[in-house]
Amino acid sequence: MHPEDKAEGASKQQENVTATYQPQYSLQLSTEENQIIVLVFPEENYTERLIGIIKELSQVSIKICYVSLNRPYTSLVENLKKIGVSTANMHFIDGITRTAKIPVECPECDFVSSPGALTELSVAISKVMETGEYKVILFDSLSTLLVYESDTTIAKFVHFMMAKVRVIGCSAIFTCLNQDAESILIKDINMFADKVIHVEKWHMGK
Amino acid sequence: MKKAQEHKALVEEAVSKLDTSDSMLLIVEAGILHESMVYVTKHMLARDKYGIYVCLNKPHDAVSSILKRSSVDTKRVYFVDCVTALAKETLTTKGAKVIYAVGPHDISDKGTIPNAIKRFIRSVPGEKFLIIDALRTLFIYNEPKLVSTFIHLLLTLTSAHDVKLIVLTRKEDDVFIGMVKAAFDEVVEI
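So the protein lines, in turn, are chains X and R.
My numbering puts the first residue of the first sequence at 1, with every later residue one more than the last.
My numbering puts the first residue of the second sequence at 1001, with every later residue one more than the last.
A few of these clues could be false.
[To be verified] Once the Cα atoms are required to be at most 27 Å apart in a straight line, the calculated DSSO-like pairs of lysine-lysine come out as:
| no. | chain 1 | residue 1 | chain 2 | residue 2 |
| --- | --- | --- | --- | --- |
| 1 | X | 164 | R | 1088 |
| 2 | X | 127 | R | 1088 |
| 3 | R | 1003 | R | 1171 |
| 4 | R | 1049 | R | 1097 |
| 5 | X | 164 | R | 1181 |
| 6 | R | 1181 | R | 1008 |
| 7 | X | 195 | R | 1008 |
[As the list claims (entries may be wrong)] What the simulated footprint calls covered on chain X by chain R, stretch by stretch (three residues with Cβ under 8 Å from a Cβ of chain R suffice, anywhere in the stretch; the number is not a length):
| no. | segment |
| --- | --- |
| 8 | 89 to 97 |
| 9 | 162 to 176 |
| 10 | 188 to 200 |
[What the hints assert, rightly or not] Counterexamples of contact, computed for chain X against chain R with all Cβ distances above 12 Å:
| no. | residue |
| --- | --- |
| 11 | 42 |
| 12 | 46 |
| 13 | 62 |
| 14 | 101 |
| 15 | 107 |
| 16 | 120 |
| 17 | 182 |
In short, the hints are calculated from the structure, not lab data.
Where a beta carbon is used, it is the ideal one built from N, C-alpha and C, also for glycine.
Let's have the full structure, built from the sequences with the hints guiding it.
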């Protein structure tokens, strides 16, 4: 899929998010056992479920760095605001907008040239993490990376990111789609993360 | 809970084979690799041995925390940390119990991983065991031939110094496992 189509598709899908969604689970990211988790989402309602998690995270007063490789920053912020999620405590790293257009620079977002630009992504994420202000990194998603790079390259990148998260002492959530759960990459990443959670098995309250 | 206990029993049964053998390749599901590592370490420490733990997946701080949370006394465990240096340029030495290698890719004969292992094998007192977690990570970072050479180097080294070697890896990696498994005394898949 062309990145522009992907961005537009994701944006349309985002509009379907219901404001009544109430997640009833706790990630308990602060514990050492759950410092780095991989969330495996079913393909259907991916956005809805992800928004639920963002909503939950935003209710705790911690700063979040949201790495979006699926949705452009502007539509993401618009949709989060629509369902009452404040983005005041969030910094965004957008890997999709620049594949389609030259973005308007803003202090709340770093634009990376493409989801496959792993060095750029590493630099941008490291810069944010090293400020020490952001306690959670939300990486959306590993499945998108798989479109752009090989398993081995992504495994090294994620291994590096996870090492960074542990060294700095923040937490991280990496997302992926169910269809990729059996991929070599996710099996490899399972060795580096603290927990892999299949979201469909959680109770989804509405 | 029952599943965890069954798993623990299976790992312990497998590792007890090291009473009469010198090296083992232990193949488990990726999701239970770290639990397996805990059971292996606990089992070997209970045999009054000193441990040399090569951390390839997580920094030694994280591995040490996992062990401590599982009530494993890490006083007799020495770490070769192959992960922290990936994320941190300046490393402060944490006493004599941790040696930082530059990364999982540094396994050539003169690399920092073999050198750190050699240093610990020569300097740590008493009977020892060496744990590598995980073989799969070495294959992510290195050419298969180099990993194979490294494994043979470890086997030579551990056999010369009477050190028990346990290499963990994840399931469903048959091609790479097939390249090295013949070198081990025991290959157990759980």
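Hints versus structure:
Using a Cα cut-off of 27 Å, the hinted pair residue 164/X and residue 1088/R holds, with the two alpha carbons roughly 7 Å apart. With a CA separation close to 13 Å, the supplied pair residue 127/X and residue 1088/R stays within the 27 Å bound. Proximity of residue 1003/R to residue 1171/R is assessed by CA-CA distance (about 18 Å); at most 27 Å being required, the pair is judged to hold. About 15 Å separates the Cα atoms of residue 1049/R and residue 1097/R, which keeps this hinted pair within 27 Å; it holds.
Taking the CA atoms of residue 164/X and residue 1181/R, the gap is about 32 Å. The hint is violated against a cut of 27 Å. A threshold of 27 Å between alpha carbons decides the hint, and for residue 1181/R with residue 1008/R the separation of about 23 Å falls inside it, so the pair holds. For the suggested pair residue 195/X and residue 1008/R, the alpha carbons sit about 19 Å apart, so the restraint of at most 27 Å is met. Beta-carbon proximity to chain R at under 8 Å applies to 0 residues in the segment 89 to 97 of chain X; the threshold of 3 is not reached and the given coverage is violated.
Figure legend: the segment 162 to 176 of chain X, annotated as covered by chain R; annotation consistent (6 residues with Cβ-Cβ distances under 8 Å, at least 3 required). Interface restraint, the segment 188 to 200 of chain X with chain R: holds (5 residues with C-beta to C-beta distance below 8 Å; minimum three). Once the 12 Å rule is applied to beta carbons, residue 42/X is consistent with being away from chain R; the minimum gap is 19 Å. With a minimum CB-CB distance of about 22 Å to chain R, residue 46/X clears the 12 Å threshold, and the non-interface call stands.
Every CB of chain R is more than 12 Å from the CB of residue 62/X (nearest about 21 Å), matching its label as outside the interface. Once the 12 Å rule is applied to beta carbons, residue 101/X is consistent with being away from chain R; the minimum gap is 33 Å. Here residue 107/X stays apart from chain R, with its beta-carbon at least about 26 Å from theirs, past the 12 Å limit. For residue 120/X, the requirement that its beta carbon stay farther than 12 Å from each beta carbon of chain R is met, with the minimum near 17 Å.
Non-interface call for residue 182/X relative to chain R: violated, since the shortest CB-CB distance, roughly 9 Å, does not exceed 12 Å.
Checked against the numbered hints listed earlier, the structure breaks hints 5, 8, 17; every other hint is satisfied.
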